Amino acid sequence: MPAPPIDAVEITVELGGTLILDQVCFTTGPGSIMGVVGPNGAGKSTLFNVITSLMPATSGRVLIHGKSISETRGLVAYVQQQERINWRLPMNVWDVAMLGRVRRIGWFRRPRPEDREAAESALRQVGMWERRKSLLGELSGGQRQRVSVARALAQGADILLLDEPFRGVDITSQVDLVSVLMELRRAGHTIVMSSHNINLLANYCDECLCLNCRVYDCGPPQQVLTPESLTVLYGPTGAVPSIDHSHLEEHIGHDH
Amino acid sequence: MDTITEALAGPFQYAFMVRAFIVAAIVGVMCPVAGVYVVTRGLGFMSDGLAHSVLPGIVIAGIFGAVSISVFVGGIPMAIVMALLSGYLIKRAGVGEDVSVGILFAPLFAAGVIMISVASSLGVLVPVSLDDLLLGNVLGVSWTEMYVTLGVAGAVLLILYGLHKELVFSNFDPTGASVVGLPTEKLEYVLLALLSMVVVVALQAVGIILVISLLITPAAAALQLTRSFTGAMAAAAFIGVASGISGLYLSYHFNLPSGPVMALVAFSLFVLSVVWKQKGAGILQRQTS
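If you read the sequences in order, they're chains U and W. No gaps in the numbering here: position 255 of the first sequence is 254 in numbering that gives the first Met the number 0, and each next residue is one more. No gaps in the numbering here: position 101 of the second sequence is 100 in numbering that gives the first Met the number 0, and each next residue is one more.
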């Protein structure tokens, strides 16, 4: 039986005496979407940082396809929150997709035909091939997210971590992005995304991880994203997002 | 026609003008090309800080006898130290980039001025003119300095060419670049070290105060007009060379200080680029409406 794409075992992160993550455990299946839910400061970004080895865990380990992160570098891609990316650069969509090939091209080398093919394939997968000559400044929030996903695909990653991918994205672009993610899931990619948009997670994730320093629950969204569990997760005084399972279904085919 | 030919060829009867034109062209290419990284990465204030902070290094090198190439011998290591210190403060002390530059460059520049003053009062020969350092003196460049300028510029441009895609990636998305295994922190230091070299080389042409004009202004003008990184670099180099060469001609014919004239020409070209862009946008709007 193949090892799971992500196997997180008792990850604990402590920073300056503050416990950020407490023995977090979960696994993901191939060709699946996992949503990570939790209030601000719950440790979602820290969890992503550990999975991508940007930050060491105080204890515990993460295995990617059964191997250590250092052995599988490149298989995991991190699509950050849009405001952390420098969109002012004089680059077009094609240039960003090619950035995904930088590590494979190697130091002091120029792109080869296979790098261009990978970038083209990635842009076609996210529906941005026709806009390949558009400047970054000309793109909407949703298009920027799809370009970021294309860069991750061009990199050759089969695990995509998306941090708040729907933030600042209008409803039409959310639909386009969800369609892309569904296609990627069908193609066998594993997607883990954090979001405060509970409705989207409830409708399109295979599993949801309820996180607030520790794992409160993990399982199919219908089971774990109940009003009661969200109240526990966000606290009695926290702003608990409401769930509307009909969200977006009129716009996009729901293939659960 | 003869008058134009004479105006164009006139300066070349002097060897110092030939050297000045060559250095202006080299600096005119190197500064704007590096400037595109500076502008897009928001390192303008850092560049200005680097230029000011090299003064003590140049004074020490001058006092200890490296007169002809004191700008390079003393300036480049000093600028690199400043860049590394600044990077260290940002990472370890948690201060912002502008704050770290502000903390470091003022005392270093002040130390340089005091060193000149103290050395003069002690009767120690300081073969460094503060005026030349502040405003540049491209007309006084020696053959040795010209060759060193050429070598340093060649090295800087070669390294920038070789590391272009990595530098762009870590500029665009530092976290994403780290995730794929690029040493983003080291790349940042390499960029700062290259920037130090660029700034020091440009000091001869336009001086400490005006170096920012050749680094930032042509790059900012080019970014108004182009749609790609490499296009911006090519356009910036063209504007930089045009600023340097035409600045020298104006300086020669109207007996004006060369560095400030170059800076003003660069600024004029920037204004033209903004007008050009807005005019282009207006034409496009009329066509689509």
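Hint data in this document are derived by calculation from the structure and do not stem from the laboratory. Heads up, a few of these hints could be off.
[What the hints assert, rightly or not] The calculated lysine to any residue pairs, modelled on SDA-like cross-linking and capped at a C-alpha distance of 20 Å, are: (1) Lys185/W <-> Gly136/U; (2) Lys185/W <-> Arg108/U; (3) Lys132/U <-> Ala233/W; (4) Lys132/U <-> Lys185/W; (5) Lys185/W <-> Asn211/U; (6) Lys132/U <-> Asp47/W; (7) Lys132/U <-> Arg226/W; (8) Lys276/W <-> Leu14/U; (9) Lys132/U <-> Lys90/W; (10) Lys90/W <-> Arg83/U; (11) Lys90/W <-> Met54/U; (12) Lys90/W <-> Pro55/U; (13) Lys90/W <-> Leu53/U; (14) Lys276/W <-> Leu135/U; (15) Lys90/W <-> Leu14/U; (16) Lys278/W <-> Trp106/U; (17) Lys185/W <-> Leu157/W; (18) Lys132/U <-> Thr229/W; (19) Lys276/W <-> Pro55/U; (20) Lys132/U <-> Gly230/W; (21) Lys185/W <-> Asp21/U; (22) Lys66/U <-> Arg226/W; (23) Lys185/W <-> Leu135/U; (24) Lys185/W <-> Leu14/U; (25) Lys185/W <-> Leu53/U; (26) Lys90/W <-> Ser52/U; (27) Lys276/W <-> Gly136/U; (28) Lys185/W <-> Leu134/U; (29) Lys276/W <-> Ser133/U.
It should be emphasised that the depicted structure is a prediction, and the values quoted were computed from it without experimental measurement.
Hint check:
no., hint, verdict
1, Lys185/W <-> Gly136/U, "28 Å, violated"
2, Lys185/W <-> Arg108/U, "19 Å, holds"
3, Lys132/U <-> Ala233/W, "19 Å, holds"
4, Lys132/U <-> Lys185/W, "31 Å, violated"
5, Lys185/W <-> Asn211/U, "34 Å, violated"
6, Lys132/U <-> Asp47/W, "35 Å, violated"
7, Lys132/U <-> Arg226/W, "9 Å, holds"
8, Lys276/W <-> Leu14/U, "49 Å, violated"
9, Lys132/U <-> Lys90/W, "36 Å, violated"
10, Lys90/W <-> Arg83/U, "18 Å, holds"
11, Lys90/W <-> Met54/U, "15 Å, holds"
12, Lys90/W <-> Pro55/U, "17 Å, holds"
13, Lys90/W <-> Leu53/U, "15 Å, holds"
14, Lys276/W <-> Leu135/U, "18 Å, holds"
15, Lys90/W <-> Leu14/U, "16 Å, holds"
16, Lys278/W <-> Trp106/U, "41 Å, violated"
17, Lys185/W <-> Leu157/W, "18 Å, holds"
18, Lys132/U <-> Thr229/W, "14 Å, holds"
19, Lys276/W <-> Pro55/U, "48 Å, violated"
20, Lys132/U <-> Gly230/W, "14 Å, holds"
21, Lys185/W <-> Asp21/U, "32 Å, violated"
22, Lys66/U <-> Arg226/W, "42 Å, violated"
23, Lys185/W <-> Leu135/U, "27 Å, violated"
24, Lys185/W <-> Leu14/U, "24 Å, violated"
25, Lys185/W <-> Leu53/U, "15 Å, holds"
26, Lys90/W <-> Ser52/U, "19 Å, holds"
27, Lys276/W <-> Gly136/U, "15 Å, holds"
28, Lys185/W <-> Leu134/U, "29 Å, violated"
29, Lys276/W <-> Ser133/U, "17 Å, holds"
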